[in-house]
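S.K.: Here's the letter readout for the chains.
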Amino acid sequence: MASSRDDFVIAIRSAFLKKSYQQKFSLLTLIFLSLVILILGSLNFKTIQYVKIGINEVIYRSSFIVSAPENYIKNLNVRMKEHFEFYDEFKKIENELKKLREKKLTNDFLILENKRLRELINESSQSEDIYAKVLIDKNSPYLKSIILNKGSKDNVKIGMAIVDDSYLIGKIIEVNYTNSRALLLSDLNSKIPVLLEPLDIHAVLSGSGKDFGLIEYTKDGYDQQISGEEIIVYTSGYGDLFKSGMPVGKIIKNKITGQNVVNFFSDFKQLNYIKIVSYKTGVTN
Amino acid sequence: MSSLNKKNFYKSLLFYFPPIFLFISVLNEIDLNYLKIEYFSFNFVYILIFYWTLKSPRYLSYGAIFIAGLINDVVIGIPMGVSSFCYLLICVVTAYLRNITITPNFLNDWIFLLITILLVNSIQVISLDLIFSVDVSYMRYFINSGFTFIFYPVFIFLFNILEKKIKLKKND
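Those protein sequence lines, which keep their order, are chains Y and Z. For the first sequence, my numbering assigns the number 34 to the initial residue and increments by one for each residue that follows. For the second sequence, my numbering assigns the number 463 to the initial residue and increments by one for each residue that follows.
What the hints contain is simulated information worked out from the structure, not anything from laboratory work. The beta carbon of each residue, even a glycine, is placed where N, CA and C say it ideally should be. Hints are not guaranteed to be accurate.
[As the list claims (entries may be wrong)] So the derived label-pair ranges between C-beta atoms look like this: (1) Y:Phe123 <-> Z:Pro566: 56 to 64 Å; (2) Y:Glu152 <-> Z:Phe609: 54 to 62 Å; (3) Y:Lys186 <-> Z:Pro566: 51 to 59 Å.
Make a model of the complete structure from these sequences and hints.
M.R.: Here it is in structure tokens:
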């Protein structure tokens, strides 16, 4: 009994301390070093933050280069699919275009009316747009984020909104000198205030870690109210996080769970170029 | 002369294949999920580290594994040091397994891999969720562990072929 315990201790000690063939470091040293990095990383020392930014710069660029072949295969796959569905898509788009042209007229009128009303209450809304390329689209099973090729040198700041066409897709969470990371709305850690229209219900849109979002913090009866209606999710502008009225997605029923989920307007797997936007809403005197 | 150089280059490329592939994997995060199957994902890096540190640790240094872990953290966007710690834990298990094994057995290794990835993923999930307050999907981690376990025999077959080639070239 005692000898088997001794064997175990010897094996464990040897595993931790013995440098095997061509190993320059023992495992214990490296484990200790990784723990030190973890602890230092969690403390917000400026020097460490600068080192981290430097490492990020190099790794993001390298990752972009290394990912090129895989991205090419991915794009090829998408292009082939698109090619096969070309005719059906054309017919669908033709119909949609007809409807959209009709809607545009009403829309133009509403925009003008909105502008006039804003002028009446002396409210101004300014936006700054920065166009960025998606460097890395890491569709990791754990975190949904993208790396963009614009950073602090282009005036990108933490919290800025990320927009694909006119649809909100996420926000900036990390800024380096020449690049930045944006957290997508589908990530589990993403939570934004939204408005469900036309019911005028305020809620919080939370990421699910999958391709859809979930509506949280609403009244109990909300599920019954939305049955049979087409509900569009817009940003509510609460907390001054984003400009109000940015379209996010549409509420649909999940086929498997039967739960109401938000189907994002933008396809997060097909992001190439996006817009980083910051808004300033204020009352002009 | 040029053919000799070519041969040498090929030889050294084969010798450095495990670390090269490790770095490509962490920089690229290959998921091989082109069919967009929901929940399908496996951790190729775990398999790679487990195999090479168990069978031929001379081809994959702990230092390279440590740096690969740091790169992985930056690419995925989790706190730096988490992946390095997890990867090195796999190395501890394989070093222990090597010390206690007299005659290597595939089934034994396979079961050890399952225990290792369950342990490592649990540590990763706990540290991310409880210490760093990063929300993670437990189910995805669990399924990822399952697929990693299932795919091990496929990669062990490929790595065995590669290892034989490396050894042959080395003896040339």
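S.K.: Quick check: which numbered hints come out false for this structure?
M.R.: Checked against the structure, no hint fails, so every one of them is satisfied.
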